Amino acid sequence: MIPDLSVKIGKVKFSNPVLVASGTFGYGEEYGAFFDLNELGSIITKSITLNPREGHLPPRTCETPSGMLNAIGLANVGVKRFIQEKLPFLRNLKTKVIVNVAGSSIDEYVEVVKKLEGKKGIDLLEINISCPNVKQGGITFGSDPKCAYDCIKAVRDNSTYPIIAKLSPNVADIVEIALAVEEAGADAVSLINTLVGMAIDLEKRKPRLSNITGGLSGPAIKPVALAMVWKTAQKVKIPVIGLGGIMNTQDALEFILAGASMIQVGTGNFVDPECSVKIVEGLKEYCQEKKLKRILDLRGKLKIFTAD
Amino acid sequence: MNQRKEQGLLLSVENLGERLFRLKIHSPSISKKALPGNFCHLRVNESYSPLLRRAFSIHQVETEKNSFELLFKVVGPGTQILSEKKTGEKIDLLGPLGNSFSLPAKDENAVLLAGGMGIAPLFYLVSSLLEKKFDPQKISLFFGVRKKDEYLLVNDIVSTGIRLHLATEDGSSGYRGMITELFFQELRARRLKTKRTRFYACGPNLMLKKVSEISRKFKLDCQISLESHMPCGVGACMGCVVNTVKGYKRVCKDGPVFDAREVILD
Numbered sequence: 001m002i003p004d005l006s007v008k009i010g011k012v013k014f015s016n017p018v019l020v021a022s023g024t025f026g027y028g029e030e031y032g033a034f035f036d037l038n039e040l041g042s043i044i045t046k047s048i049t050l051n052p053r054e055g056h057l058p059p060r061t062c063e064t065p066s067g068m069l070n071a072i073g074l075a076n077v078g079v080k081r082f083i084q085e086k087l088p089f090l091r092n093l094k095t096k097v098i099v100n101v102a103g104s105s106i107d108e109y110v111e112v113v114k115k116l117e118g119k120k121g122i123d124l125l126e127i128n129i130s131c132p133n134v135k136q137g138g139i140t141f142g143s144d145p146k147c148a149y150d151c152i153k154a155v156r157d158n159s160t161y162p163i164i165a166k167l168s169p170n171v172a173d174i175v176e177i178a179l180a181v182e183e184a185g186a187d188a189v190s191l192i193n194t195l196v197g198m199a200i201d202l203e204k205r206k207p208r209l210s211n212i213t214g215g216l217s218g219p220a221i222k223p224v225a226l227a228m229v230w231k232t233a234q235k236v237k238i239p240v241i242g243l244g245g246i247m248n249t250q251d252a253l254e255f256i257l258a259g260a261s262m263i264q265v266g267t268g269n270f271v272d273p274e275c276s277v278k279i280v281e282g283l284k285e286y287c288q289e290k291k292l293k294r295i296l297d298l299r300g301k302l303k304i305f306t307a308d
Numbered sequence: 001m002n003q004r005k006e007q008g009l010l011l012s013v014e015n016l017g018e019r020l021f022r023l024k025i026h027s028p029s030i031s032k033k034a035l036p037g038n039f040c041h042l043r044v045n046e047s048y049s050p051l052l053r054r055a056f057s058i059h060q061v062e063t064e065k066n067s068f069e070l071l072f073k074v075v076g077p078g079t080q081i082l083s084e085k086k087t088g089e090k091i092d093l094l095g096p097l098g099n100s101f102s103l104p105a106k107d108e109n110a111v112l113l114a115g116g117m118g119i120a121p122l123f124y125l126v127s128s129l130l131e132k133k134f135d136p137q138k139i140s141l142f143f144g145v146r147k148k149d150e151y152l153l154v155n156d157i158v159s160t161g162i163r164l165h166l167a168t169e170d171g172s173s174g175y176r177g178m179i180t181e182l183f184f185q186e187l188r189a190r191r192l193k194t195k196r197t198r199f200y201a202c203g204p205n206l207m208l209k210k211v212s213e214i215s216r217k218f219k220l221d222c223q224i225s226l227e228s229h230m231p232c233g234v235g236a237c238m239g240c241v242v243n244t245v246k247g248y249k250r251v252c253k254d255g256p257v258f259d260a261r262e263v264i265l266d
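Going line by line, the protein sequences match chains V and P. When we follow the working numbering, the leftmost residue of the first sequence carries the number 1, and every step to the right adds one. When we follow the working numbering, the leftmost residue of the second sequence carries the number 1, and every step to the right adds one.
Excised from the complex, chain P in its bound form (with noise of 0.2 Å):
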């Protein structure tokens, strides 16, 4: 049996800008085992509101430490009780769960694409891979943002040696327009390699339906991860599917990393 409920000690939280939090959570069974892409199923509190868990993807782990990191944006209220919540609580933690990202061969690239929130599981690949001893320098990322100030983690990522390609909407920083634009320009203008290239992304839905046209329209070898509401988080309930050219797959038990040419999003 392997048991994969605990109880974590929260060790820290950070208010890192408007609504965005960072939480660290001691928690040797997830810090442990977790993989880029595994994501957590967590209780809030222990009172019937809210009544159903809430599944974060796994931001960052210090094994040695045996604990890991949360990154989350205040929605509702699950998400406004957890980031109230002080340094010495216990929270109810099951996980890791769902499947993890395929990593790429030391002689290939990682081309990333963030939208906002979905920097969370897409550093920790990051990181993954620099602690593999992947070169930086194959490692590209586009991050993808509403305004400046909702950029998280710059300096940390600027700081990994990683090519960096900023977007906001409002064109406060980086190039004016939605992610996904300047990646298909990118593309288009054959600045990007396709070839020995694995893709990764993870944002809000519009943005990986456009990430999945592209990567249908090039052929790429794109994994994106998934959000969904999920009541079970273990594969039981049938409750967050999401559609695919294979029919329904469970995103908390086939995903929530899925092969971008094979999710239909709408």
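Just chain V, same shape as in the assembly (with noise of 0.2 Å):
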């Protein structure tokens, strides 16, 4: 028996749950060199802001216990020449397309998914609501209920694509910011991005990053990214997609019981270009020991502690 790993989010239908995620993989091609990328769910883009952006200065990122921290500061070719370049690799891929979306201000998260919008071979956005690393925008929509509202409603009435809200850690609480985006009509949410970190060269006296700051992710944040997905399960209605240190199938197994439809491998891609792959065969063999007949059937399935 062959497991159902699908999952739907709007209309789109993913053969299977694992994608990567946004900043991780370029725009595809630089792993297509390590594996099919048709095996996967999804691709996420990085972040595609209107104008190009060249980023922060080195150094952009270092390594942590368990973790990283990285603040490249949204370098990408924008808009544009993400249409002119980018995209036709990635159209001519059987995988669905998600293409990530970064701006400074509503107008421009809105002109640039009004750019995108009936673009051949994208198959959702993904909204990110959440970068830790840029002065304006990115975490300022994310961390107020009301501006994630505002950034969403306008996105969602300017485009037909289905919409994911990337969500912010660094909130006094994520699900007030996950309902507020339901509401504004997001198809989905995914969390979390990173949480805001830093480190020090205590020799030089100096921070390791060029930004001081930077986004903490790997196996280090994972416990946070649990719980973040599993309170915000509880409450929302759209799909959640959980990240945060996925390594390895166990670990997608287990924001699958917390609650999440999908996940994304980030810094996993890092570690191991065929950790995403590895997984999609993983969740695969773990339906077929456990007699699963569809991966969604474990969704939310943590059995809770009871008085007695």
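Every beta carbon over 12 Å from chain P, so not counted as near; a handful from chain V, in silico:
id : residue
1  : Pro-3
2  : Gly-185
3  : Trp-230
4  : Thr-306
Simulated crosslink set (DSSO-like; lysine-lysine; CA at most 27 Å straight-line):
id : chain 1 : residue 1 : chain 2 : residue 2
5  : V       : Lys-153   : V       : Lys-114
6  : P       : Lys-253   : V       : Lys-94
7  : V       : Lys-284   : P       : Lys-5
Please keep in mind that the hints were generated in silico from the structure rather than gathered at the bench. Since the structure is predicted, the reported quantities are computational estimates derived from the model, not experimental observations. We put the CB at the ideal spot given by N, CA and C, even for glycine.
Hints in hand, dock the two standalone chains.
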């Protein structure tokens, strides 16, 4: 029996729930040398902004215990070159393509989204309202429910693609933000983006990143991500996409148990370029072993301790 | 699909001096495809400590034996673990990655500048040129280290018959001072031809910054191999960039070899 790994967001059906996180997979081409990209549920592009961005001064990354910090600064080719130079490659893939969009004002998000509208090869949009590394935009939209609502609503009104809102963990209550974007018309939420962190080089008495602070990712943040996915999945009706330190099949299954319909592999791609595709295989094997017809039968099936 | 992930088998571990090690690894895919300047990205163990891969330039290749070598200094936990590996252990490898040195034509000269561990990819370049029957007398190597006992491979280098200029910062052997100073003096005294000559350099960033300035000043056709923290190693994450006159470039994918006149180091 071949288990059913498929998942739907809006009208889009994915062959499996394994995605690769924005910013860790470029525009797809780089990892095509390692495995057949069509094996993935979907590829999520690097954040696209209206104009090209050079990004922050190096050093942009550093390793921390069981994790890493990054402050890339949304370096990307801009929406025009993305459509001209990067989309043709993605269009030829059979896997779904999710374009991640970032902006420093609601107008910018809307302008990018309008330029992407109707372009062949795009299946969904992921709206990054949670980048911790740019001064304006990004996280400012993701840290206040009203701003998050306004941003997602504006995108919703200007796009026919299904929309995923990517949420920040650097907030008092992530559930409140999730409910706000659901209300605004998001078809799914993905969480968590990176946690704000910092590392210091004692010898030089300097921060290890030129941006001083950066976003923490990797296995170090998995417990935080699991807790936030769990809390959010209890409250929203739209699908929750879980990410944060997923390195293998077991991690992915834990997120699904906590309530995630899909998962994203981020830092795991750096450690093992085949990480995501191994998880697809691993989920299939787990379903067969546990006699699950559908992977989604496991979603949210965490057994909670009871009083007696 | 160009499969570039491989489980290498560790054939030998040699301690060449204080914190200096050479590993020989069996890897058909790297040894067949590697070119001087390429690097490999490896996991030192399967735990999350350290989490990320480490990049090493490829030092020597023995194609007929399907093996290649790495030369490194223990500088942190990653290289410490690697230095404690035993023959017969598996090593998770990606490679060969990055671009490679553009080689001189038969009638050109090659001048190489190595600072410390920068000798690793440059010695590979030398062997590769000699294998192609390049005249050893048309190759000059400027090799600088801090003190005499950091000299690596000097016997191997001497036996190739190339021209060798040595410098130590403490004056314990050869010229006393930085290798870039010796190089600059030779250039200024016109003892080095700059026409029909290709220059190559690898070493600490401070040295490469000097090389870059000298290359601009003397209009040298010079290629430098850079080092950087590389989370992905394949061009996806934009984490390892270096500033150039053409904007930020990825050391892992656009490099690690760059035109010295274009790189802006600080």
